[in-house]
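Peer 1: With the hints as constraints, model all of the structure from the sequences given.
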Amino acid sequence: MSHSTVPRSRAEADPSGTTPAAPGTAAGPARKDPRGRPGLRARFRRDRLLLLMTLPALALVLVFNYIPILGNIVAFQDYDPYISDNGVVSILNSPFVGLENFRRIFEDSAFWSAVQNTFVLFALQLVLYFPIPILLALLINSVVRPRVRAVAQAVLYLPHFFSWVLVIAVFQQLLGGAGLLSQLLRQHGYDGLDIMTDPGTFKFLVTAQSVWKDAGWGIIVFLAALSSVSPDLYEAAAMDGAGRWRRIWHVTLPALRPVIALLLVLRVGDALTVGFEQILLQRDAVGPGASEVLDTFVWWNGVRNQDFGYAAAAGLIKGVVSIGLVLAANKVAHLMGEQGVYKK
Amino acid sequence: MTPNAASSSAPSRRSFLASSAVAAAAVAGGMPLLAACGGSDTGSREGTTSGKDAKKLLPAYVASNVVAPDIPARNGSALGFTAKLDLATLKTSVPKKLGKGGKVTVMSPFWGSPPKQGNAYYRAMNDLIGVDVVWQNQDGNTYDQKLGAVLASSDVPDVVVVPGWNMGGKIPSAIIGKFADLGPYLSGDAVKEYPNLAAIPTDAWQRSLFGGKLRGLPMPTPSAPSMVPLYRQDIFAKEGYELPKSCDEFMALAKEITNARAKRWACLDMKWTAFQAFGVLSGSEKPLGWNLVDGKLVNRIETEEFLEALEWSRKLFAAGVVHPDSKLGKNAPDPGPKFAAGEFLIYPNNISQWWGRTAEQATQNPEFKIWGMDVWGHDGGNPTLWAEQPAGIFAFVSKKASESVIRDVLAVANVTAAPYGTKEYMMTNYGVEGTHYTVKDGVPTKTDQGNIEVMNAYVMVASPAATIAHPDFPDVAKGQVEWQQRMGAFARKSSFWGMQITEPARYTNLSNDVEQLEDDIVRGRKKISDMQQFVSDWKSKGGDKLRDWYKKVLDDNGSAAS
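Chains as they are written, first to last, in the numbering used here: chain A, 1 to 344; chain B, 1001 to 1562.
Heads up, some of the hints might be wrong.
Using C-beta positions, here's what the derived DEER-type ranges look like [said to hold, decoys possible]:
{"no.": "1", "chain 1": "B", "residue 1": "Ser1153", "chain 2": "A", "residue 2": "Ser230", "range": "54 to 60 Å"}
{"no.": "2", "chain 1": "B", "residue 1": "Ala1252", "chain 2": "A", "residue 2": "Val321", "range": "35 to 41 Å"}
{"no.": "3", "chain 1": "A", "residue 1": "Val165", "chain 2": "B", "residue 2": "Leu1243", "range": "35 to 41 Å"}
{"no.": "4", "chain 1": "A", "residue 1": "Leu158", "chain 2": "B", "residue 2": "Pro1504", "range": "40 to 46 Å"}
{"no.": "5", "chain 1": "B", "residue 1": "Lys1103", "chain 2": "A", "residue 2": "Leu58", "range": "36 to 42 Å"}
{"no.": "6", "chain 1": "B", "residue 1": "Ser1153", "chain 2": "A", "residue 2": "Leu92", "range": "14 to 20 Å"}
{"no.": "7", "chain 1": "B", "residue 1": "Ala1252", "chain 2": "A", "residue 2": "Leu184", "range": "18 to 24 Å"}
{"no.": "8", "chain 1": "B", "residue 1": "Asp1555", "chain 2": "A", "residue 2": "Leu92", "range": "56 to 62 Å"}
{"no.": "9", "chain 1": "B", "residue 1": "Pro1504", "chain 2": "A", "residue 2": "Arg103", "range": "18 to 24 Å"}
{"no.": "10", "chain 1": "A", "residue 1": "Ile220", "chain 2": "B", "residue 2": "Ser1153", "range": "32 to 38 Å"}
By construction, these hints were calculated from the structure, which means they are not laboratory data.
Even glycine gets a Cβ: it sits at the ideal position worked out from N, Cα and C.
Peer 2: Next up, the structure:
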């Protein structure tokens, strides 16, 4: 998609004001939009069925996403959930401690170590993990025989459905200190490797596990984007003498660009979430120094140590930083001329 | 709990295989505390309950003499029964079913693979008790990670079993806030309605006082040490290995044993044995980590011995004599199969595994012989060991439970606390004859089904005075009791032994990460200096104030220290 085809604002996209606004985005003055759209009431009447259909989803978001936000109040308390059977009553009866929890967090070296591990893992996964589904999608897309293609896809998707417990057990059996590889080495006179318990290489291990498990699943979106590329474009390029690589560079990749940008923005917004179960399961094998990330830090302090106020404060910090990251990534996407996640 | 505490969970009580091993000496111990104490702060959440206040709450003690022990309790050991048991003349200690047929859900830690719901053993027990007990068995090694969340919910099971070493963080607050006062049903003479509970020694009940009320049903334990360095006696004999008498000898032996190429290592993580060899105060419960030295309370983490024990344990890892699985920490697989396969020959664990592993391997692996080695002093002298609490695991009843549910729970406890020599004890620990064990020449032998189903479930609700009795392996029972008596002779009581103490909430998080740090150091991921740094932070963040607080508890209540 080139620069000029991307609408930069709603007005530009819809200069005449005749196209109806997308359902559900209704906003603005009640009667008559200055840009000539039907009034709110008219639009409501027209879209009421669509709005009705969004209600269940809206209720879910409200109940499971918005109402729990109120619970963040415990970040400012020495929260004790055990003083009552009712969470709300517990909150009302727990003493407020102001910013004490935040002060403790900023002084806690374990917290900073978790922040560092989180960012290192994120950066590593961005470089080593993110491009792999794209490459795999290109590879699969180039396979012509449908049967081979179906089998390859199935094989690639499958590990996604294994639980982390299983994946880590398999890695342990193969690469652990008493695993197959180590024992084979020892029988031939070499030292055993202990990949599973080496804190120094833990970040690569975690990334490798993620690639093995989820890279295949990640190609779905890219395959869908690829299927929408018109074969005419390839034909035309071939007519003009473009080789295989030039076709990928000039036709395929530009077609994937918006999807890549979108996923990248989403990924950056999720930067502080680098895997919970996977890391928790291996926390003891390498120690928290190498493995603690923000999510496991919150879990350890909240659920394991029942220091709920402290854990909630750490979670709140994570949430605020994540919002900042999404906004920043979205901005960068706009600067690059892409749609990003949303536009004003 | 922490630091300390959880710690012990690791190997220590990991394996409460059914058994009787859990029992307790008790009778001998008596009630030193009661005699010693002064005031207390009944009703408040912090502190302890002793003296007159305790006396009002404690159940009356009515001894039960079903079978006289062959080895009487000595040095804090359990009662030992080694003579042949006449299965035909077992006594009945619960003549009429006390259960009213209600349903009771019990959440408890479980070491091993829990059997299916509604299996033959559970059905038979429920039938005997007259209560429909539904088990929620959770992995005992990571129990601390679930307890906090379950107790924070509004849907707490009728009964929750909480080991003392899992009482870290705000769990003590949860115990006081969420669990019922059993005093009206058990204090004083009321307990006589449940004769087997009345026979539980008083110092185990003393430990069940939480927040000024009698809330727990105790599992009495011997005060003699429980952490045994277990080893493969058959392989030792075959290879001519001699038992080590000092840390240096152990290291030399470990190097001799290890042959990684042949998939054999000397041991697992020996941290628990190292703590004993160097005389480190117990980490199984926060109050046990304190001791009065020259008029000043000292915490275990402040001592030289603590650092030396960690350093020696680290050297074992560094020397490559520790099985690689141990590096995985709590995620390590169950040591049983690899120990049976001879991948390693020594590991420290709760004394109950001595019998548990024996029974497990008896039919399929007749060569296999597991035994306990005596703990050595690090320099070759006698070790200094620290006494265990007279009760370490407690069952609590939800505050929301109705009286009929509480009565049903007590009916369960009255059966599971039946002493050795009764039909109830046999059913609780061995299951149903013909299904879970077979009798040959008067000796019961557990079947495969028995080894799977008759595990550590019902004994969690309450147990009789510490008892060691294995009619199937009397030599193991004898070995266990004698080990306890030899080691018990070296055991001292630290300042807060026997008390149930609730720390003020503001200090509960101070030592949450000690155990983690210990494990990191031993595995070479952190340095001894990191621990020293931690200790100095600990002092300034509240450790010194906590010391003052404990001093006051000691001044107010006296001590049972020896």
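Peer 1: Does each hint hold? Answer for all of them.
Peer 2: Here is how each hint holds up against the structure:
1. As the Cβ distance of Ser1153(B) to Ser230(A) is approximately 56 Å, the hint placing it in 54 to 60 Å holds.
2. The hinted window of 35 to 41 Å between Ala1252(B) and Val321(A) is violated, with their beta carbons roughly 54 Å apart.
3. Checked against the given bound of 35 to 41 Å, the beta carbons of Val165(A) and Leu1243(B), roughly 39 Å apart, stay inside it.
4. The hinted range of 40 to 46 Å is not satisfied by Leu158(A) and Pro1504(B), whose Cβ atoms lie roughly 53 Å apart.
5. Separated by about 40 Å at the C-beta atoms, Lys1103(B) and Leu58(A) satisfy the suggested range of 36 to 42 Å.
6. A hinted range of 14 to 20 Å holds for the C-beta pair Ser1153(B) and Leu92(A), which are about 18 Å apart.
7. About 30 Å separates the C-beta atoms of Ala1252(B) and Leu184(A), a value inconsistent with the hinted range of 18 to 24 Å.
8. Against the hinted window of 56 to 62 Å, the Cβ-Cβ separation of Asp1555(B) and Leu92(A) comes to about 37 Å, which falls outside the hint.
9. The beta-carbon spacing between Pro1504(B) and Arg103(A), approximately 20 Å, falls within the hinted interval of 18 to 24 Å.
10. A hinted range of 32 to 38 Å holds for the C-beta pair Ile220(A) and Ser1153(B), which are about 37 Å apart.
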